[in-house]
Every structure is written in C-alpha cells, then in structure tokens.
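Chains as they are written, first to last, in this note's numbering: chain W, 34 to 235; chain V, 34 to 235.
Quick caveat, the hints were computed from the structure, so don't treat them as lab data. Don't take each hint at face value.
Said to hold, decoys possible - Below, computed lysine-lysine pairings styled on BS3-like, alpha-carbon distance capped at 27 Å: (1) V:Lys144 <-> W:Lys233; (2) W:Lys194 <-> V:Lys226; (3) W:Lys194 <-> V:Lys78; (4) W:Lys231 <-> V:Lys194; (5) W:Lys129 <-> W:Lys60; (6) W:Lys209 <-> V:Lys226.
To be verified - Only part of the chain W face toward chain V is listed, based on derived beta-carbon distances under 10 Å: (7) Glu134; (8) Asp136; (9) Ile137; (10) Leu141; (11) Phe152; (12) Leu163; (13) Ser174; (14) Ile178; (15) Leu179; (16) Asn190; (17) Asp212; (18) Ala217; (19) Arg221; (20) Arg224; (21) Glu235.
Unchecked claim - Just so you have them, the derived chain V footprint on chain W, three or more residues with Cβ under 8 Å: (22) 73-84; (23) 121-130; (24) 225-233.
Note that beta-carbon positions come from the ideal geometry of N, C-alpha and C, so glycine has one too.
Protein chains: 2
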Amino acid sequence: MKKKGLAIVISGPSGAGKGTICKELVKRNKNISISVSATTRKPRKNEVEGKNYYFYSEEEFNEKIKENDFLEYAKVYGNYYGTPKSKVIDEIENGKDVILEIDIQGALQIKESYPKGVFIFVMPPSMEELRNRITSRGTDSREVILERMECAYHELNYAFKYDYVIINDDLDEAVKIVDSILIAENHRAIRKKDIIEKIKEE
Amino acid sequence: MKKKGLAIVISGPSGAGKGTICKELVKRNKNISISVSATTRKPRKNEVEGKNYYFYSEEEFNEKIKENDFLEYAKVYGNYYGTPKSKVIDEIENGKDVILEIDIQGALQIKESYPKGVFIFVMPPSMEELRNRITSRGTDSREVILERMECAYHELNYAFKYDYVIINDDLDEAVKIVDSILIAENHRAIRKKDIIEKIKEE
C-alpha cells in the first residue's frame with residue numbers, strides 16, 4: 034500500500050514571507066517539492082523549461098483548459114498562468130508532498146478543483162511589520178507601497194477560507210509549524226481508510 | 034489576548050497503547066494535563082481525591098448530571114463515572130491542553146457535548162501485535178483475551194468518527210505525532226479569529 038502525498042496550498046499577502054517559508058521547507062525536507070506553473074509568456078533569459086515554468090503556446094494552454102488539466106489558472110497582463118493538475122497529481126501519487134505557492138484567487142479555485150488539498154494562510158505578525166517588510170525592499174514607490182498595504186489588509190479577510198493560519202513572526206518557527214501540519218494531516222482519519230481496512234482483514 | 038488550550042480526546046482498543054502515550058505526553062510537555070474523572074465508587078487505598086478521581090456521592094453526581102456538568106458519563110457495574118466539564122473548561126481557559134483518555138462510547142458523547150475537541154484514535158499496528166500485547170500481560174484467561182480481541186476488532190470501525198488515527202508502532206513516534214497534531218490544531222483558522230481581527234485593527 035503506497036502512501037500518497039499531500040497538496041499544500043500556501044497563500045498570504047505580499048510581505049507575509051510565504052516564499053521564504055516555501056524555499057526553507059523544500060531545503061529541509063526531501064519529500065517536498067514545489068509545483069511548477071505553466072505560462073504562455075515567453076521565457077526570460079536563464080529561465081528553464083520545467084524548472085521555472087512550463088512554457089506553453091496559447092493553443093496548448095487552451096487545449097489544457099478544455100481537458101480540465103488546471104487546478105487553477107488566470108490571465109494576467111495578456112498572458113496565461115496556471116497550475117497543471119496532472120503534474121501535481123503525478124507527484125502526489127508517487128508519495129511526494131507538493132507545495133503550491135499561490136495567490137488567494139488561485140487558492141480559492143483549487144479549493145473547488147481539489148478540495149483534498151491542505152490550505153495554509155501566512156500572515157504578517159502586524160500591519161506595522163508588513164509595512165516595514167514592504168518598504169525595506171526599497172524598490173517600490175510610495176503609491177505602490179500604499180496599494181500593497183491596502184491589498185494586504187483586504188486579503189486578511191480571506192484567512193478563514195483556509196484550514197490553517199500561521200503568523201510569520203519567526204521563519205524557523207513558521208517552518209516547524211508547517212512541518213507539524215503535514216504530519217498531522219498525514220494522520221487524518223479520512224486518509225487512513227486503506228490501512229485500517231488492511232489491519233482488519235488480517 | 035490569552036491563548037486557550039485544547040481538549041484532546043484519546044481512545045482506542047485495549048492494547049493499542051493509549052495509556053502509555055498519554056503518560057509520555059504529560060511527562061514531555063508541561064502545558065498538557067490529564068483530565069481527572071469523577072466517580073461514585075468508593076476510594077481504594079492510596080487513591081487521592083482530585084488526583085486519581087473526584088469522589089462524588091450518588092446525590093452529588095446526579096446533581097452534576099442535572100446541571101449538565103459532564104462532558105460524558107456512564108454507569109458501570111453500579112457505579113457512575115464521568116468527566117466533569119467545568120474542571121476541563123477551567124484548564125482550557127487557563128491555556129492548558131487537557132488530555133481525556135476515554136472509551137469510544139465516552140468519546141462519542143464528548144463529540145456531542147464539546148465538538149471543539151480534537152479526537153484521536155490510537156490503533157495497534159496489526160491484530161497480531163494486539164494479541165501479543167494483550168496476552169503478554171499474562172493476567173487474562175483465554176476467554177477474556179478472545180473477548181478483548183473481538184471487542185478491539187469491532188472498535189476499529191469507529192476510527193472514522195475521529196479526526197486523527199495514529200498507528201502505534203513506536204511509542205516515541207506516536208508521541209511526536211500527537212505533538213504535531215497539537216501544534217497543527219493550535220493553528221487552525223477557526224482558532225485564530227481573535228488574533229486576525231487584532232492585526233486588522235492596528
């Protein structure tokens with residue numbers, strides 16, 4: 034009886050630190066992989082097919098939409114972006130946990146297309162700290178910062194659509210919490226049906 | 034904003050090892066306490082009020098039933114046994130996680146009276162191993178062993194009524210899984226309402 038992996042969807046406002054958490058998780062845990070998105074935008078220099086993105090033509094992308102092969106997708110500035118379902122399912126069937134770092138709209142789509150996923154929302158410890166993190170990047174104008182702050186504030190309302198909420202105060206602590214969530218989710222009664230039946234059959 | 038504790042209900046067939054797991058959890062984690070049952074049976078030598086049991090008269094026990102102060106209760110061989118709700122709630126309000134090691138009938142009652150609890154079912158790794166554990170006690174007759182085995186087999190059907198199922202193959206591993214479940218449950222979105230509202234209000 035082969036153990037199946039989990040699909041872990043991680044979202045949160047810009048500046049909450051979800052990207053850093055995901056990178057750290059993969060570094061520490063060999064059984065976790067990060068989902069690679071598909072896009073119709075042209076590859077940039079140094080971008081590698083299957084590593085940074087799967088690069089599809091618009092025709093291919095539309096074909097995959099028709100085949101229902103996206104867990105979620107969206108058109109942004111004229112280009113399509115999406116999460117190929119078959120690639121994620123392949124990993125899960127092979128026992129790997131797959132992380133999908135995805136925006137809130139995408140996460141809500143996945144809740145429809147793959148409700149078995151584990152949905153984690155990462156939050157900043159305070160709006161003050163969020164502002165510090167966004168401004169410390171030093172790349173954004175005052176307007177952009179304000180826009181990001183407003184967007185983050187609005188996005189906090191979606192936290193309750195998720196299974197778990199992590200306040201990202203300390204990276205190490207946050208990664209440990211995600212690890213614990215994975216262990217706990219792997220022991221949910223609904224995922225143990227096969228093994229219980231097996232023990233009974235002996 | 035004070036963090037509230039969790040009520041963790043642990044059940045499983047005789048021989049699954051739930052008692053050992055509970056003892057080990059309390060030993061390792063200062064924030065966990067074990068719930069003390071109330072009973073109308075007479076105290077035995079060395080039994081201490083409030084440690085082994087709360088010893089109630091039948092009148093007191095009936096009064097508490099009327100006041101709806103039991104998370105669960107049952108009459109066994111003419112004596113009442115029950116879990117006093119107010120004692121558990123006090124601990125939880127003080128931020129302590131409370132473990133309730135309880136039989137399946139009791140656990141199902143708690144699911145009704147306190148659905149916010151976390152329900153964990155502990156299983157033996159195999160029926161073979163269960164038989165070994167039950168026989169190795171050396172105290173039971175062949176009939177009693179057979180009865181226990183049949184009862185355990187029947188009880189496995191209730192595993193799906195629980196949130197989590199732990200196959201107790203290795204004590205250390207099982208305790209770590211319960212620890213992870215506690216961390217995960219403490220980060221459930223439904224338990225983070227207050228803190229999210231607070232961050233937004235800043």
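Results for each hint:
no., hint, in the structure
1, V:Lys144 <-> W:Lys233, "25 Å, holds"
2, W:Lys194 <-> V:Lys226, "12 Å, holds"
3, W:Lys194 <-> V:Lys78, "54 Å, violated"
4, W:Lys231 <-> V:Lys194, "18 Å, holds"
5, W:Lys129 <-> W:Lys60, "14 Å, holds"
6, W:Lys209 <-> V:Lys226, "22 Å, holds"
7, Glu134, "18 Å, violated"
8, Asp136, "18 Å, violated"
9, Ile137, "13 Å, violated"
10, Leu141, "14 Å, violated"
11, Phe152, "8 Å, holds"
12, Leu163, "9 Å, holds"
13, Ser174, "23 Å, violated"
14, Ile178, "17 Å, violated"
15, Leu179, "16 Å, violated"
16, Asn190, "8 Å, holds"
17, Asp212, "8 Å, holds"
18, Ala217, "4 Å, holds"
19, Arg221, "6 Å, holds"
20, Arg224, "8 Å, holds"
21, Glu235, "5 Å, holds"
22, 73-84, "violated (count 0)"
23, 121-130, "violated (count 0)"
24, 225-233, "holds (count 6)"
Consistency with the previously given hints fails for numbers 3, 7, 8, 9, 10, 13, 14, 15, 22, 23, ordered from lowest to highest.
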